[in-house]
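Residues in the sequence shown are numbered consecutively from 1, following the numbering used here.
Hints listed in this document are in silico derivations from the structure and should not be mistaken for laboratory results.
Since this is a predicted model, take the numbers as computed values, not measurements.
Where hints are given, some of them may not hold.
[Said to hold, decoys possible] EDC-like mimics (lysine to aspartate or glutamate), calculated; alpha carbons at most 20 Å apart, straight line:
#, residue 1, residue 2
1, Lys143, Asp84
2, Lys143, Glu103
3, Lys143, Asp6
4, Lys122, Asp6
5, Lys3, Asp116
[To be verified] What follows is a set of in silico ranges between Cβ atoms, one per label pair, in the way DEER data are often shown:
#, residue 1, residue 2, range
6, Asp84, Lys3, 21 to 31 Å
7, Val14, Phe109, 31 to 41 Å
8, Glu12, Ser70, 34 to 44 Å
Idealized CB from N, CA, C, for every residue including glycine.
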Amino acid sequence: MLKGIDQRLSAEIVHVLMLMGHGDDLVICDVNHPAATIAAETTHGRLIDMAGCDIPTAARAILSLMPLDSFVPAPVARMRVVGDPEGVVPIFARMQVVVDRAEGRPVTFQALERFDFYAAAKRAFAIIRTADSGPYGCFILKKGVVDLPEL
């Protein structure tokens, strides 16, 4: 354990977040997402599980360490509801609240068609699967920059 790091974040997750650079993508998904298959094609190359967390809890912990990219119009992507492009499910609003609070600003989400989301997930740095079993719990977070003072 370390001070100031959410205990839900394993050493592997903290390591991945440290390895990621500006503009790298991190997928946070539910148990229905084909995460193990897609994770094999990511930079990290294997699935990371946060089995004890729902998506908002996992996102809150991750975003306590990782800033979102402020140089792009939509640093978060989500899966669009199949057959209903304007459809909304509860996880969308829950994640909007978590992300906006973590960033201290309103953050735009981009909706991606299912197979476009899968293609984008394959290009991600890593995939974290949560215990969330609700529909459409699939999000991609684009890492931003931490502006630190010189040592």
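Discussion item. Hint by hint, where does the structure go against what was stated? Just the numbers, ascending.
Written reply: Failing hints, ascending: 1, 4, 5, 6, 7 and 8.
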